[in-house]
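*Asks:* Each chain, written out:
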Amino acid sequence: MSIKVRFFASLSDMVGKSEMDLEFAEGLTVLDVWEKTSPDDLLPSGSLFAINHNYSEPEDLLKDGDEIAFFPPLTGG
Amino acid sequence: MSIKVRFFASLSDMVGKSEMDLEFAEGLTVLDVWEKTSPDDLLPSGSLFAINHNYSEPEDLLKDGDEIAFFPPLTGG
Amino acid sequence: MIIKVVDNLFDPLDEIRASETELVTRRSKIGASSFFVGTMRDFNEGDSVQSMFLEHYSGMTEKRLEEIAVLAKTKWSLDWVTIVHRIGQIHPAEPIVLVATWSAHRAQAFDSCRSIMEQLKSTAPFWKKESTNDGTRWVKNNTAGYSEND
Amino acid sequence: MIIKVVDNLFDPLDEIRASETELVTRRSKIGASSFFVGTMRDFNEGDSVQSMFLEHYSGMTEKRLEEIAVLAKTKWSLDWVTIVHRIGQIHPAEPIVLVATWSAHRAQAFDSCRSIMEQLKSTAPFWKKESTNDGTRWVKNNTAGYSEND
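Chains as they are written, first to last, in this note's numbering: chain A, 2 to 78; chain B, 2 to 78; chain C, -8 to 141; chain D, -8 to 141.
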């Protein structure tokens, strides 16, 4: 299975990239993806997650073809 | 002493005039003015009063040169 | 601060633009502006309304509008307040009232704009007389502004 | 309903006027419209700010704005909703966001406009990076919109 991983704003700066593709077997959660892609960085509290443009929980499972995004608190408007 | 009395909107229709001058001795309240100027009409509940452009109470006393206005509930905006 | 009672058609967006030229020097201190426009509907209380006459108490009305604006400026941190209210004969879809506030912060702009509008409806001397198919009638009461209707 | 994310300067009053041409056929059913404009200040958290970069999540941002507008139309009786949000490099005094709602009744227009604005700030993916004298910094949090500040 393969997924696309995206990082926005300060999380993109922290991780040092804005997106990457990730191959994996099965049973990966949102939090697992963060740990696989950013092993040196603790996920800042208040971070938000979206799978395929819908807000999701840290324990949600990814499936083949998903796009998972990590981002800091929102500051628009 | 003399005062100017004004009626607005539905109260003006009821009384049949929009303003009049009133001569009197002394000690006249807002309500007294209504009774002197409109003896046939009961003052509708919810009516408002202003002396010299300031909201006033029915028992407030008039003085020489005052302008007293009677009007129904407000419906602007 | 601009307070106007006008007896002919006005354009609320033009009025807002005119106010913004007045505050151009502190434009970059303003983070939020809130505008409310009340327009005439062609229906009220179940009846179709052809036109409306808006009466006011010249002198007292302007004085109340100024007081409302001045009090809003003491209660909220505002850079500018504009109030324009129509009087006279008016037709459906025409603007009746504009309330506009500018502030550094959005809660201040929102709260003050709404409060000024409610104050105006409850304390500024204006009266509406509607022309319907059955003749003319004075509107009896404004409905509450923080509830569901009007 | 008009939902736009734009990467260059926009004029909120022109956008309102454009929306009003869309609803011209039901113009006389509308009694109230409420508009909110957020603009960039040249100060934040005690520092002077020269410019700002507004990042978004293309696709998700537009989807969230649409959901916010659709939900508002189910909750309130609205004739039209317009949301315009700026992205990219922006300078003090430039507009960031416009929220505009049109309704038969003023409480509906006021409540929906404000709620859409709060929903936008708390759930639409946008991030601000400020350029100050000390370099650039990401804005950490939006403050609450129903409290006293911002």
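There's no promise every hint is true.
Incomplete in silico selection of chain C near chain B, CB under 7 Å [what the hints assert, rightly or not]:
hint, residue
1, GLY29
2, ALA115
3, VAL130
The calculated EDC-like cross-link candidates involving lysine to aspartate or glutamate, where the alpha carbons are at most 16 Å apart (straight line), are [as the list claims (entries may be wrong)]:
hint, chain 1, residue 1, chain 2, residue 2
4, D, LYS66, D, ASP33
5, C, LYS54, B, GLU68
6, D, LYS20, D, GLU53
7, B, LYS5, B, ASP65
8, D, LYS120, D, ASP38
9, C, LYS(-5), C, ASP5
10, B, LYS37, B, GLU24
11, D, LYS20, C, ASP5
12, A, LYS64, A, ASP33
13, B, LYS37, B, GLU60
14, A, LYS18, A, GLU60
15, D, LYS131, A, GLU20
16, C, LYS120, B, GLU60
17, C, LYS20, D, ASP33
18, A, LYS5, A, ASP41
19, B, LYS5, B, GLU36
20, C, LYS120, C, ASP5
21, A, LYS37, A, GLU20
22, D, LYS(-5), D, ASP38
23, D, LYS20, C, ASP38
24, D, LYS20, C, ASP102
25, D, LYS20, C, GLU53
26, C, LYS20, D, ASP70
27, D, LYS54, A, ASP33
28, D, LYS66, D, ASP102
29, A, LYS37, A, GLU27
30, B, LYS64, B, ASP14
31, A, LYS5, A, ASP33
32, C, LYS20, D, ASP102
33, D, LYS120, A, GLU20
34, C, LYS20, D, GLU58
35, B, LYS5, B, GLU68
36, C, LYS(-5), C, ASP38
37, C, LYS66, C, ASP102
38, C, LYS131, B, GLU27
39, D, LYS(-5), D, GLU36
Because the hints were derived from the structure by calculation, they are not lab data.
Keep in mind that this is a model prediction, so the values were computed, not measured.
Beta carbons are placed, not taken as given, at the ideal position from N, Cα and C, and that holds for glycine.
*Asks:* None of the hints should be skipped; say for each whether it holds.
*Replies:* So, going through the hints one by one against the coordinates:
The beta carbon of GLY29(C) is positioned within 7 Å of a beta carbon in chain B (closest approach about 6 Å), and the interface hint is therefore held. A cut of 7 Å between beta carbons decides the hint on ALA115(C): the least distance to chain B is about 5 Å, and the hint holds. At a threshold of 7 Å, the smallest CB-CB gap from VAL130(C) to chain B is about 4 Å, leaving the interface hint in force. With a CA separation close to 36 Å, the supplied pair LYS66(D) and ASP33(D) exceeds the 16 Å bound.
For a cut-off of 16 Å, the pair hint linking LYS54(C) to GLU68(B) stands: about 15 Å separates their Cα positions. Under the criterion of a C-alpha separation no larger than 16 Å, the hint pairing LYS20(D) with GLU53(D) is inconsistent with the structure, at around 29 Å. Between the alpha carbons of LYS5(B) and ASP65(B) the distance comes to roughly 9 Å, so the proposed pair stays at or under 16 Å and holds. Between LYS120(D) and ASP38(D) the alpha-carbon distance is near 13 Å, which keeps this suggested pair within the 16 Å criterion.
Of the pairs offered as hints, the one joining LYS(-5)(C) and ASP5(C) holds, with about 14 Å between alpha carbons and a cut-off of 16 Å not exceeded. With a CA separation close to 10 Å, the supplied pair LYS37(B) and GLU24(B) stays within the 16 Å bound. With a CA separation close to 22 Å, the supplied pair LYS20(D) and ASP5(C) exceeds the 16 Å bound. Distance restraint check for LYS64(A) and ASP33(A): the Cα-Cα separation of roughly 13 Å lies within the 16 Å cut-off, and the hinted pair is therefore satisfied.
Distance hint between LYS37(B) and GLU60(B) is fulfilled; the C-alpha atoms sit about 14 Å from each other, no more than 16 Å. For the hint pairing LYS18(A) with GLU60(A), the CA-to-CA distance comes to about 23 Å; that exceeds 16 Å, so the pair is violated. For the hint linking LYS131(D) to GLU20(A), the alpha-carbon distance of about 22 Å lies beyond 16 Å, and the restraint is violated. Proposed proximity of LYS120(C) and GLU60(B) is contradicted: the alpha carbons are some 30 Å apart, above 16 Å.
Between the alpha carbons of LYS20(C) and ASP33(D) the distance comes to roughly 6 Å, so the proposed pair stays at or under 16 Å and holds. Between LYS5(A) and ASP41(A) the alpha-carbon distance is near 20 Å, which puts this suggested pair outside the 16 Å criterion. For the suggested pair LYS5(B) and GLU36(B), the alpha carbons sit about 15 Å apart, so the restraint of at most 16 Å is met. With a C-alpha separation of about 27 Å, the suggested pair LYS120(C) and ASP5(C) falls outside the 16 Å cut-off, and the hint is violated.
For the given pair, LYS37(A) sits about 13 Å from GLU20(A) by alpha-carbon distance, which is consistent with the 16 Å threshold. Annotation: proposed proximity of LYS(-5)(D) to ASP38(D) is violated, straight-line Cα distance about 30 Å (limit 16 Å). At roughly 12 Å between alpha-carbon atoms, LYS20(D) and ASP38(C) fall within 16 Å of each other, so this suggested pair holds. Of the pairs offered as hints, the one joining LYS20(D) and ASP102(C) is violated, with about 26 Å between alpha carbons and a cut-off of 16 Å exceeded.
The suggested pairing of LYS20(D) with GLU53(C) is violated, with an alpha-carbon distance near 29 Å, which exceeds 16 Å. Among the hinted pairs, LYS20(C) with ASP70(D) is inconsistent with the structure: their alpha-carbon atoms are about 33 Å apart, more than 16 Å. With a CA separation close to 26 Å, the supplied pair LYS54(D) and ASP33(A) exceeds the 16 Å bound. For the proposed pair LYS66(D) and ASP102(D), the alpha carbon gap of about 10 Å is at most 16 Å, so the pair holds.
Pair hint LYS37(A) plus GLU27(A) holds up; C-alpha atoms about 13 Å apart against a cutoff of 16 Å. For a cut-off of 16 Å, the pair hint linking LYS64(B) to ASP14(B) is broken: about 26 Å separates their Cα positions. For the hint linking LYS5(A) to ASP33(A), the alpha-carbon distance of about 14 Å falls within 16 Å, and the restraint holds. Proposed proximity of LYS20(C) and ASP102(D) is contradicted: the alpha carbons are some 26 Å apart, above 16 Å.
Among the hinted pairs, LYS120(D) with GLU20(A) is inconsistent with the structure: their alpha-carbon atoms are about 19 Å apart, more than 16 Å. In summary, the hint linking LYS20(C) to GLU58(D) is not supported, as the alpha carbons are separated by about 32 Å, beyond the 16 Å threshold. Restraint check for LYS5(B) and GLU68(B): the C-alpha separation of about 5 Å stays at or below 16 Å, so the hint holds. As the CA atoms of LYS(-5)(C) and ASP38(C) are separated by approximately 30 Å, the hinted pair breaks the 16 Å bound.
Simply put, LYS66(C) and ASP102(C) have alpha-carbon atoms about 10 Å apart, close enough for the 16 Å limit, and the pair holds. Proximity of LYS131(C) to GLU27(B) is assessed by CA-CA distance (about 34 Å); at most 16 Å being required, the pair is judged violated. Between LYS(-5)(D) and GLU36(D) the alpha-carbon distance is near 29 Å, which puts this suggested pair outside the 16 Å criterion.
Comparing the model with each earlier hint shows violations of hints 4, 6, 11, 14, 15, 16, 18, 20, 22, 24, 25, 26, 27, 30, 32, 33, 34, 36, 38, 39; every other hint is respected.
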